[in-house]
Amino acid sequence: MDGNFFLQELAKEDSRIITQIYDKNFPSIKKFILLNSGNTEDAEDIFQKGLIQIIIRYKKEKFTISGSFDAYLIAICKNLWRRELNSHKKRVTNVEKVEVHDEYIDNSYALIEQKRQELFIEKFAEITGNCKEILTLFFAKTPYEEIVAKTEYSSELVVRQRVFKCKKRLTELIKKDKRYNSLKEL
Amino acid sequence: MSLEEDILIERFLRNKLSEEERNDFLDKITIDLDLREKFLLEKQLFETLNEKEWSYASKINTTEVEEYATLFRDNSDRLKHVIQKATTTQKRKVKIRRLTFFSAVAAAVIFAVLINFYPQDESFTIDEIYANYNTDELPSLVTRNSKEVQKDLTLAERNFKNKNYKEALLYVDRLLKVDTENSTLYLYKAISLTETGEFAMSEASLDIFIHSDLVDSEKGYWYKALLYLKAKDLEKCEQILQIIIKNSYFNDQKAKRLLKDLDTYEQ
Chain A
84 MDGNFFLQEL AKEDSRIITQ IYDKNFPSIK KFILLNSGNT EDAEDIFQKG
134 LIQIIIRYKK EKFTISGSFD AYLIAICKNL WRRELNSHKK RVTNVEKVEV
184 HDEYIDNSYA LIEQKRQELF IEKFAEITGN CKEILTLFFA KTPYEEIVAK
234 TEYSSELVVR QRVFKCKKRL TELIKKDKRY NSLKEL
Chain B
5 MSLEEDILIE RFLRNKLSEE ERNDFLDKIT IDLDLREKFL LEKQLFETLN
55 EKEWSYASKI NTTEVEEYAT LFRDNSDRLK HVIQKATTTQ KRKVKIRRLT
105 FFSAVAAAVI FAVLINFYPQ DESFTIDEIY ANYNTDELPS LVTRNSKEVQ
155 KDLTLAERNF KNKNYKEALL YVDRLLKVDT ENSTLYLYKA ISLTETGEFA
205 MSEASLDIFI HSDLVDSEKG YWYKALLYLK AKDLEKCEQI LQIIIKNSYF
255 NDQKAKRLLK DLDTYEQ
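Chain order of the listed sequences is A and B. Take the position in the first sequence, starting the count at 1, then add 83; the result is the number in our numbering. Take the position in the second sequence, starting the count at 1, then add 4; the result is the number in our numbering.
Only chain A is shown next, with the shape it has when bound in the complex (with noise of 0.2 Å):
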């Protein structure tokens, strides 16, 4: 069975969907958790989140995934823990500080990141696989001289070079797809 047909079912809110999501996944969700500083329950409130914002999502726009429910389900779930474990931290620079308190309207915004993130990450796919490497470095913020150590590139200048036209191409992809407009922030 392919990811679309739980995600039809699992819009029909049926139970017995819901009870096999629930017994193939909440384990792995649970272990994450587990290993990432959370509890049991919070796994729990977790795993619903995630079914919900998935159900809200495609009530709205009936979107399709690529691969096996399974693992949309976990990657959904995972930034979501990934997501409550950075809320204590600045949720954004001193540029634009923003506290969310109304419960429905963090969720809204939790949904759009998800979606956000699939877009730059379907985007990053596309660039070619020196780009990815390179720019894989430069977002976990390798130090250059590090860059030059791991790559064949042979000074730091070259590395920043390369490094702007990655990011050049990819922001270029971002930016053509009709979705950004909805997505970037103002």
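The set of hints was computed from the structure by calculation and includes no laboratory data. Since the structure is predicted, the reported quantities are computational estimates derived from the model, not experimental observations. Watch out, some of these pointers could steer you wrong.
Here are the computed lysine to any residue pairs in the SDA-like style, where the Cα-Cα straight-line distance is at most 25 Å [said to hold, decoys possible]:
1) A/K233 / B/P143
2) B/K42 / A/N213
3) A/K161 / B/K47
4) A/K233 / B/D183
5) B/K20 / A/A223
6) B/K165 / B/D220
7) A/K258 / B/F16
8) B/K258 / B/T139
9) B/K155 / A/Y155
10) B/K240 / B/Y253
11) B/K250 / B/D265
12) A/K114 / B/T139
13) A/K161 / B/V86
14) B/K167 / A/Q103
15) B/K89 / A/T102
16) A/K206 / B/V219
17) B/K165 / B/T139
18) A/K224 / B/E23
19) A/K224 / B/L17
20) A/K95 / A/Q197
21) B/K155 / A/E216
Based on these hints, arrange chain B on the given structure of chain A.
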């Protein structure tokens, strides 16, 4: 955008500007909207493509935020109830299954004591230790790949997660023929072989991975230790654990704990 502007944004995001430079930059992006857009996009990329962080949305299209918020407001309570009901029934079933299992174990222990049977079953204990340490979740295979291999990756991962290791191996082997630089595939292969009792093949596959140029090839040592544990070759397992600890390889803290557990077990 010029390279200079790009460097300025990057230095801001890496916290490498002085306070004065930082304030100048913040002033500049309130006036220069083009630079501001570039800065915000780069900031989101930094946060999104770095697994330790998360990119929060703040000032985006409010219509979409409100539309989703309305849907959450109208449906969340009902959905929570449906999910809770569906999962509570399941939790109860699991509890009953566990209770039945523990009752059976308790009965077996009492029986063993009554007939003066030595209650420690060596193989069960090693298997239990293996299960306790075989808990690392492998990265998903299905993200960031081209569509041509997506189907095989999905099937490999699905079968692996469902513990259909023999099936998983069919896809993993096929994928490794075209992509010899995918570390995750080597790990899926080694674990699948370990779980199906093909210890020699798992060992050979891990040796290839360990001696490869892949950046995370050191992970191979941890899975080799698990392989020897599963095969109940404790001497080799301990040798590999010592290598992990000595070189501070992947999971070195876990390796220390496992070594201690094995030490206790042997005594």
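Against the structure, the hints come out as follows:
1. A/K233 / B/P143: holds (22 Å)
2. B/K42 / A/N213: Given pair B/K42, A/N213 holds - Cα atoms ~23 Å apart, limit 25 Å.
3. A/K161 / B/K47: With Cα atoms ~21 Å apart, A/K161 and B/K47 stay inside 25 Å; holds.
4. A/K233 / B/D183: holds (20 Å)
5. B/K20 / A/A223: Roughly 16 Å between the alpha carbons, so the hint for B/K20 and A/A223 holds.
6. B/K165 / B/D220: holds (22 Å)
7. A/K258 / B/F16: holds (22 Å)
8. B/K258 / B/T139: holds (11 Å)
9. B/K155 / A/Y155: It holds: about 15 Å lies between the C-alpha atoms, which stays within 25 Å.
10. B/K240 / B/Y253: Judged against 25 Å, a Cα distance of about 17 Å means the pair holds.
11. B/K250 / B/D265: With Cα atoms ~18 Å apart, B/K250 and B/D265 stay inside 25 Å; holds.
12. A/K114 / B/T139: Between A/K114 and B/T139 the Cα gap is close to 8 Å, so the pair holds against 25 Å.
13. A/K161 / B/V86: Holds - the C-alpha atoms of B/V86 and A/K161 are around 22 Å apart, at most 25 Å.
14. B/K167 / A/Q103: holds (16 Å)
15. B/K89 / A/T102: holds (9 Å)
16. A/K206 / B/V219: holds (24 Å)
17. B/K165 / B/T139: Status holds; Cα separation ~13 Å.
18. A/K224 / B/E23: holds (21 Å)
19. A/K224 / B/L17: holds (10 Å)
20. A/K95 / A/Q197: holds (22 Å)
21. B/K155 / A/E216: Since the Cα atoms of B/K155 and A/E216 sit roughly 23 Å apart, the hinted pair holds (cutoff 25 Å).
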